[in-house]
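Chain order of the listed sequences is A and B.
Note that the UniProt record's numbering numbers the first sequence so that position 280 is 280, with each residue one more than the last.
Note that the UniProt record's numbering numbers the second sequence so that position 450 is 450, with each residue one more than the last.
Since the hints were made in silico from the structure, they are not lab data.
Positions of the beta carbon are idealized from the N, C-alpha and C atoms, including for glycine.
Certain hints may be false.
[To be verified] The following residues of chain B were derived to be distant from chain A, with all beta-carbon distances above 12 Å:
(1) D27
(2) F111
(3) G187
(4) E194
(5) I325
(6) S335
(7) L394
(8) V434
(9) G438
(10) T439
(11) I450
[Said to hold, decoys possible] Distance condition first, Cα-Cα at most 25 Å in a straight line; then the derived PhoX-like pairs of lysine-lysine:
(12) K147/A - K173/B
(13) K173/B - K173/A
(14) K243/B - K291/A
(15) K213/A - K253/A
(16) K106/B - K62/B
Protein chains: 2
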Amino acid sequence: MPFSVCIVGGGLVGALEAIYMAKRGWDVHVYESRGDPRSEVVTEGRSINLAMSHRAITAMEKVGVSEEVMRWVVPMKGRMIHSLDGSTASQPYSIRGECINSVERKRLNEFLLAEAEKHPNVKVYFQHRLSEANLDSGHLVFEGPDKRTVDVNADLIVGADGVYSLVRSNVMKRVRMDFQQTYIDHGYVELHMEPSSDGNWQMDPNHLHIWPKHSYMMIALPNPDKTFTLTLFMPWDNFENLKTEEQVLDFFKREFPDVVPKVGAEQLVKTFFRNPKGSLVHIKCKPYNYKHRAVFIGDAAHAMVPFYGQGMNCGFEDCRVLHEILDKHFGIDSSGKPPSPDELANALSEYSKIRYPDVTTIVDLAMYNYGEMRHLVTDWRYFIRKKVEGWLHLLVPRTVIPLYSMVSFSSIPYSEVMQRWQNQTAWLERTAEVAILGTAVTALTVTLRILNTKVAVSKLLSLQ
Amino acid sequence: MPFSVCIVGGGLVGALEAIYMAKRGWDVHVYESRGDPRSEVVTEGRSINLAMSHRAITAMEKVGVSEEVMRWVVPMKGRMIHSLDGSTASQPYSIRGECINSVERKRLNEFLLAEAEKHPNVKVYFQHRLSEANLDSGHLVFEGPDKRTVDVNADLIVGADGVYSLVRSNVMKRVRMDFQQTYIDHGYVELHMEPSSDGNWQMDPNHLHIWPKHSYMMIALPNPDKTFTLTLFMPWDNFENLKTEEQVLDFFKREFPDVVPKVGAEQLVKTFFRNPKGSLVHIKCKPYNYKHRAVFIGDAAHAMVPFYGQGMNCGFEDCRVLHEILDKHFGIDSSGKPPSPDELANALSEYSKIRYPDVTTIVDLAMYNYGEMRHLVTDWRYFIRKKVEGWLHLLVPRTVIPLYSMVSFSSIPYSEVMQRWQNQTAWLERTAEVAILGTAVTALTVTLRILNTKVAVSKLLSLQ
Chain A
1 MPFSVCIVGG
11 GLVGALEAIY
21 MAKRGWDVHV
31 YESRGDPRSE
41 VVTEGRSINL
51 AMSHRAITAM
61 EKVGVSEEVM
71 RWVVPMKGRM
81 IHSLDGSTAS
91 QPYSIRGECI
101 NSVERKRLNE
111 FLLAEAEKHP
121 NVKVYFQHRL
131 SEANLDSGHL
141 VFEGPDKRTV
151 DVNADLIVGA
161 DGVYSLVRSN
171 VMKRVRMDFQ
181 QTYIDHGYVE
191 LHMEPSSDGN
201 WQMDPNHLHI
211 WPKHSYMMIA
221 LPNPDKTFTL
231 TLFMPWDNFE
241 NLKTEEQVLD
251 FFKREFPDVV
261 PKVGAEQLVK
271 TFFRNPKGSL
281 VHIKCKPYNY
291 KHRAVFIGDA
301 AHAMVPFYGQ
311 GMNCGFEDCR
321 VLHEILDKHF
331 GIDSSGKPPS
341 PDELANALSE
351 YSKIRYPDVT
361 TIVDLAMYNY
371 GEMRHLVTDW
381 RYFIRKKVEG
391 WLHLLVPRTV
401 IPLYSMVSFS
411 SIPYSEVMQR
421 WQNQTAWLER
431 TAEVAILGTA
441 VTALTVTLRI
451 LNTKVAVSKL
461 LSLQ
Chain B
1 MPFSVCIVGG
11 GLVGALEAIY
21 MAKRGWDVHV
31 YESRGDPRSE
41 VVTEGRSINL
51 AMSHRAITAM
61 EKVGVSEEVM
71 RWVVPMKGRM
81 IHSLDGSTAS
91 QPYSIRGECI
101 NSVERKRLNE
111 FLLAEAEKHP
121 NVKVYFQHRL
131 SEANLDSGHL
141 VFEGPDKRTV
151 DVNADLIVGA
161 DGVYSLVRSN
171 VMKRVRMDFQ
181 QTYIDHGYVE
191 LHMEPSSDGN
201 WQMDPNHLHI
211 WPKHSYMMIA
221 LPNPDKTFTL
231 TLFMPWDNFE
241 NLKTEEQVLD
251 FFKREFPDVV
261 PKVGAEQLVK
271 TFFRNPKGSL
281 VHIKCKPYNY
291 KHRAVFIGDA
301 AHAMVPFYGQ
311 GMNCGFEDCR
321 VLHEILDKHF
331 GIDSSGKPPS
341 PDELANALSE
351 YSKIRYPDVT
361 TIVDLAMYNY
371 GEMRHLVTDW
381 RYFIRKKVEG
391 WLHLLVPRTV
401 IPLYSMVSFS
411 SIPYSEVMQR
421 WQNQTAWLER
431 TAEVAILGTA
441 VTALTVTLRI
451 LNTKVAVSKL
461 LSLQ
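Given these sequences and hints, build the entire structure.
See below:
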């Protein structure tokens with residue numbers, strides 16, 4: 001019997017994980033509760049596009065699927081800050097020109113599923129929902145279409161079943177799991193901006209657009225079809241105050257006057273009410289595995305608020321890190337050789353241990369970045385600091401790397417990112433103090449010299 | 001149709017809540033998954049006795065059931081600290097002689113169930129486990145003995161179903177619930193000390209006995225039958241190092257030499273291996289209600305580590321606070337009049353809001369007290385501080401109340417306890433600084449005077 005892996009969830013992370021597992025030569029079965037995205041229409045209102053950066057690309061590269069994807073992304077080289085008067089200001093993400101990339105969730109998911117299915121040892125089943133799981137025996141029951149139940153016996157169960165993960169719930173029943181889920185008081189709604197009448201993007205497509213409003217914000221990401229997806233993030237209370245079409249239109253006209261004509265008043269009001277209002281939750285937990293039998297990755301392990309654009313990046317990185325650890329324990333072996341339960345348990349425990357500090361750090365940073373996006377980007381001190389950090393990064397590229405660059409344009413483990421950021425912030429602050437002190441001393445010295453000179457001159461004059 | 005309340009869980013809190021609900025004239029149905037404790041033998045190993053203090057007593061008083069209970073408790077007036085050399089030192093809980101009370105869980109549970117069943121409008125069903133819950137319609141399904149299912153329709157569902165509450169899980173599916181569960185790295189095991197050969201307690205029964213070991217500890221609570229229940233709390237790693245009977249015995253002989261002869265070497269080793277090892281978890285969440293339909297209380301809402309002896313006290317207080325809020329909204333009315341859904345939803349939301357800061361405070365304090373019990377009680381600074389606080393409490397009883405007294409001997413809301421404690425700690429520290437400074441100045445002045453006198457004297461002498 002070949003070693004069999006059952007992946008619960010065929011979303012982005014589940015599909016990529018299937019490719020990783022397939023390359024080990026193991027038998028891979030992916031069970032997804034929703035229908036095949038390739039035969040379904042896009043559902044508006046649920047993070048249509050995502051920001052893909054270094055970590056996701058690296059994870060895809062490792063299994064040779066990044067090239068194709070990079071052909072249909074829209075690179076965004078910076079933030080475009082929209083002011084109330086309609087003026088805009090570009091803030092590049094990187095002084096070296098590095099970009100993050102807007103990518104369509106549906107297209108990426110379809111592509112990764114197709115790539116997975118190219119492997120003869122991968123099978124994907126849609127509309128199959130996990131209904132029972134016995135993690136000790138590895139026996140799972142799925143409910144398929146027409147309520148038909150399917151029995152599955154797996155050597156290893158991978159939970160890639162998202163924020164409300166059933167695999168995680170099952171692990172939680174068996175281990176002493178630390179678990180924390182926190183909702184923020186803000187919700188979101190997605191809106192849509194069509195191309196202009198001449199068929200082009202209505203705003204600069206190579207930016208992530210932000211309308212910072214301190215206590216809330218709207219953002220927009222470009223799509224390859226020349227449309228933009230707008231997302232309004234706002235306290236639930238504010239949503240509740242927008243009950244009538246008139247209130248919504250007034251609100252947009254007052255707060256986003258440049259957006260209303262671009263979306264169209266009627267369209268805007270219609271989609272605002274039609275599209276679902278999403279809630280924002282973050283989840284931290286540990287461990288991520290149950291013995292040799294189960295491990296969960298992606299949102300199941302670390303749902304985060306979307307403000308650093310790292311949800312998918314971190315989920316894809318989970319796959320890379322997990323398989324690097326498996327490689328370390330079993331060697332890079334595509335023969336399908338089954339690992340011993342003990343070896344596998346050790347590897348999965350190591351994964352839980354190694355991944356926890358990184359994953360919790362990005363969950364926290366994602367929350368931190370909400371403040372930065374809706375508020376800090378309008379602060380001149382923040383702006384100066386960013387500039388100084390950027391220049392220093394050019395001067396001493398290994399010593400000072402801006403936080404955003406470490407998160408989005410490197411594979412430095414998130415926990416190390418945090419450590420370095422704290423160190424360089426302390427260093428920058430000390431340097432700034434020294435600089436200010438130095439400037440003050442110099443100014444004083446110069447003033448005194450001038451005064452002395454004056455005194456000397458007047459003495460000279462008086463001598464005359 | 002009378003207003004019907006379904007209480008899930010007939011443990012301590014569920015049974016008391018049934019009495020509270022019965023007094024409103026509502027129809028009360030209690031479903032408990034375990035068997036009737038009155039027809040079962042006591043199961044050793046799961047918190048046989050508990051420390052009952054002011055809050056639990058007050059909550060029972062409100063429904064007239066405290067008097068009987070107080071007859072069979074064993075009062076404990078302080079901690080008895082056991083040193084390695086076998087010497088003991090008593091640390092009273094209160095300078096006013098207030099006590100906490102050791103009470104048997106099983107007896108208390110049986111009594112409260114019997115009291116609840118005295119009300120004609122209360123029915124208790126044992127061996128009925130919640131299997132389905134539709135909180136919107138109020139329809140519940142229980143699985144009874146022989147896998148028979150029972151359908152229940154309730155106007156209000158009260159979850160008193162403990163740390164792994166199913167009512168809470170169901171509420172969590174419907175509201176944006178913040179939820180946090182954290183296991184500590186320590187586990188526990190219960191041991192048993194028989195009466196002496198002359199039929200008496202082998203240690204002072206009016207103390208809670210502690211063997212503080214800095215990184216772990218053992219405690220003992222007296223039972224009315226002249227036995228003691230000992231609980232060893234220890235890091236899991238330490239448990240894992242005790243694999244053989246010899247290792248266990250060596251460990252006890254080395255660390256608890258006074259305990260070994262009292263328990264008996266053979267008995268000690270046997271129970272150590274036979275009794276289950278319990279884990280310690282704390283849970284914080286909010287809200288505690290789902291609209292007008294469900295509310296959960298006790299461990300379901302706030303499991304805590306047992307180190308402040310407040311788990312049951314806080315759970316009973318939940319009942320008191322909940323019903324004070326219901327009284328406020330509907331008046332004190334025993335006619336069974338059904339409340340309107342809106343009114344009830346408002347009252348339950350208010351309960352969630354009011355109770356959250358108190359409950360999370362005691363969850364944190366319980367964790368803090370572990371450090372105090374296993375370590376601080378051996379610190380002379382801690383000891384002096386306690387003494388000073390005690391004296392000040394006698395002098396200015398309203399201004400300074402020791403933390404332990406506020407928690408255990410008052411009904412001051414826990415969050416206010418924390419606030420007052422922080423304020424009085426700051427005040428005590430300032431006062432101590434002033435006192436030390438004052439003493440230093442006085443000492444200096446006196447020294448200088450003496451020196452002056454000496455100088456004057458020597459001058460006088462030299463004049464002669």
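Outcome of the hint check:
1. D27: holds (33 Å)
2. F111: holds (33 Å)
3. G187: violated (9 Å)
4. E194: holds (33 Å)
5. I325: Given a closest Cβ separation of 23 Å, the condition holds.
6. S335: For S335/B, whose nearest Cβ neighbour in chain A is about 36 Å away, the distance exceeds 12 Å, so it holds.
7. L394: Fine: 43 Å to the nearest Cβ keeps L394/B off the interface.
8. V434: Holds, since 34 Å exceeds 12 Å.
9. G438: It holds; G438/B is separated from chain A by about 38 Å at its closest Cβ, greater than 12 Å.
10. T439: Given a closest Cβ separation of 39 Å, the condition holds.
11. I450: Non-interface label on I450/B holds, nearest chain A Cβ at 48 Å vs cutoff 12 Å.
12. K147/A - K173/B: holds (22 Å)
13. K173/B - K173/A: holds (17 Å)
14. K243/B - K291/A: OK: K243/B and K291/A at ~21 Å, within 25 Å.
15. K213/A - K253/A: Cα-Cα ~14 Å, so holds.
16. K106/B - K62/B: Roughly 22 Å between the alpha carbons, so the hint for K106/B and K62/B holds.
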